[in-house]
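*Asks:* Start from the sequences and build out the full structure, keeping to the hints where you can.
Next come the chains, spelled out residue by residue.
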Amino acid sequence: MDFSFTEKEEAFRQEFRIWLENNLPDGWLDGKRDIPEDKEQYSEFLRNWQRKLYEGGWAAIAWPKKYGGREASLIEEIIYQQEMVRVKAPPLVNYVGIHMVGPTLMQIGTEEQKEAYIQKILTGEEVWCQGYSEPNAGSDLTAIQTSAVRDGDRWKINGQKVWTSFGHLADRCFLLARTSRGEKKHKGITVFLLDMNQPGVETRPIIQMDGKHDFNEVYLEDAIAYDADIVGEVDEGWRVMIALLMHERSGIGAQVFTLEQQFEDLVVLAKEVQEDGQPLIQNPFTRKTMVDLYTRSRGSLLNYYRNLTKTLKNGQPSAEGSMDKLIVSELTKELFSQSLSMQGHQGVLWKEDAIFGDSYWQDNFLYSFGMTIGGGTSEVQKNTIGERILGLPKDLGR
Amino acid sequence: MDFSLSEEQEMFRGYVNKYLNNMGHTKTAREFIKGDTESYETIVSGLAELGCTSINISEEYGGMELGALDLVPVLEELGRSVLPGLYLETNSFAVPVLEKFGSEYQKQKYLPAIAEGSQTFSIAWLEPGGSYQPAGIQMTASLEGDFIRLHGTKTLVPDAELANSLILPVRTGGGKGEGGISLVIVDMADLNITMLKQKNIDDSRHLAEITFDNVEISQEQVIGSLHKGWDILQEGLLAINAALASVMVGGMEAIVGMAAEYAKIREQFGQPIGRFQAVKHKIVDMKVDLEMARSLAYYANWALENESEDQVQAIICARLFAAEAYNKAAANNIQIHGGIGFTEEIDCHLYVKRARFYEHYLGSTQSYYEKAAAALGWCEPEKVEQF
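Which chain is which? The protein sequence lines are A and B, in order. Each residue of the first sequence is one higher than the last, beginning at 2 in our numbering. Each residue of the second sequence is one higher than the last, beginning at 33 in our numbering.
Keep in mind that the hints were calculated from the coordinates and are not lab data. Remember, predicted model here, so these are calculated numbers, not experimental data. There is no bait here: all hints are sound.
Here are a few chain B residues that face chain A, going by a calculated C-beta distance under 8 Å:
1) 34
2) 292
3) 295
4) 304
5) 323
6) 324
7) 328
8) 334
9) 349
10) 353
11) 402
12) 404
13) 410
In this text, a Cβ means the ideal position worked out from N, Cα and C, and glycines have one as well.
*Replies:* Right, here's the structure in full:
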């Protein structure tokens, strides 16, 4: 058992830390972390940040050198995430491109696809989104109905996608569409690299319960893709999806590190909030709740490290990632729920009227409800753990 | 970065696991409950032959001089089989306390005997009234020349009849505070004491009330400095709590395995009950808690072994989490088994009872919450009340 980092790893951390301090937007480190809300400005802001990372050589550290990466080790990826979380860095607008589409194309894409897309993912010139979920295909992705029908060397795509992150900013979509219907529902799905800038594609914003707009609906009406845009084989998209998931080596590390930080913030809140003239932390009931949350957030981090150790030894992620996802998302929800409770009735005050932390607690409380749904609901994670780790029988219908 | 037990540690777990399974897994506990200690005695010497009892004793005294983490596989396995006896109290309390605070005389007297498996310790802390606070220690220990005269009663003493010696906090000085408490060793063979068995829901751990009526022991039996026993006790508690977390992890491991296996074979409505999400997800919740508890327990023992800055909170939180999760999982295990789980025949109840035995063992849950909060700097340590 060894929790230390090597000298080389520590040097890597220092290098990235210094780079971040010199390159984050002005005032960011002093707490001025406003991201513009206007769509054009928002897009420009995030693309600029992506561009900066690229210019510094920090956009896609795990990629092979020949594609402009650093061939970073898994531990270096972890350190990279820790440092990003430490400074609360802006989101990566091209996360999907860098972590999923790029590596998948490198592995199974055609030479033409590699040539056409990989460099532009790295520079942030082209932003990618995922086209998976549909109104009737959420937890059960095999139920997708969006269809792609061959028409010469073209495919006509019709249907609707939903929960598309950054869809309104994206240039291209990694799209799942049904190309045939057979006995097995996961057969007959094909992956297309779809151009978002065409008449048959329309994106509409989804306004979330926190008032923000991170997701979109994408309507496809005779949208066009070509044979050359297919990844892998026709009807074998499910395999591509599995290959893609294997590139998520570091799992939900970023969320685990974020939770650690959020817990520290909660301690500060418990000292700030007063109850009968005393800081709330003086109340033994509060302390018990806090110790309990501390224990479980430490537990989630340690469990993540233990699973990471397995990934390091086996060379690929395992079903244990589902456990990390389940734990950290449920715990985050609980933490923010607790943060509002601690503020008493004032906890309902929102936005400019919030008493503590510029509405950080209220915003995150509202946002946290999405965490146990997006990326696979807690119920789906429990099925995975039950079936793949404990060997329990599969649900009927799957 | 490597957060896992080493290959050697896992290999050693394999030996202990195989040995205990060959001995019938929970059979020893079941026979022990019925008063048949033969299998228990075989296991005590068997574990010593495997080297379990010498792991954390210095080479000088016949041990392997390994650390807290090397005990983890053994502790988990003992917990898995709900084994009776005093391994936990001996190797994870008496050994670290004697190694650090014992006199040369005490080390010579006890450590080699522990290593070879012929010496066990129990802890006699509570007195009638049941308080773990310093004020709860009222057993008098008057100094008379080279002797100390003990007078008073200790209660809820685990497995006293299996112990060769007891470690007990006694009052050598006046007052009700921490000062004036000393930690002494009493050898059972030398004594004329009255021991009354106390009925316990977990009869795989016996409890007794022991009355000391002006019992004389040598001053050489005081561990560390006179009147400074409370601080020594706290250090011993860190070691035993880290170990206890691992014992409970072992118990949970057995429970999750039982529940999952049963849910695969038990059929109702024409299908295995593990297919129903109401059952499946309950077992998954137990599994998730088990892995969290294991991660916390590994870290607690690592922190203990390396004396890391956060060792107090790491150890207490591991114990608290494991105790709560163990009790919850043990209860759910009965529910998953349905009617059969409620019977004496199936092992489910052994774990429910053992989990409850450990819940407030050597300190209440509430007092440990407050100790953790103090260690995290959220309240003043002196304000922490013992319950």
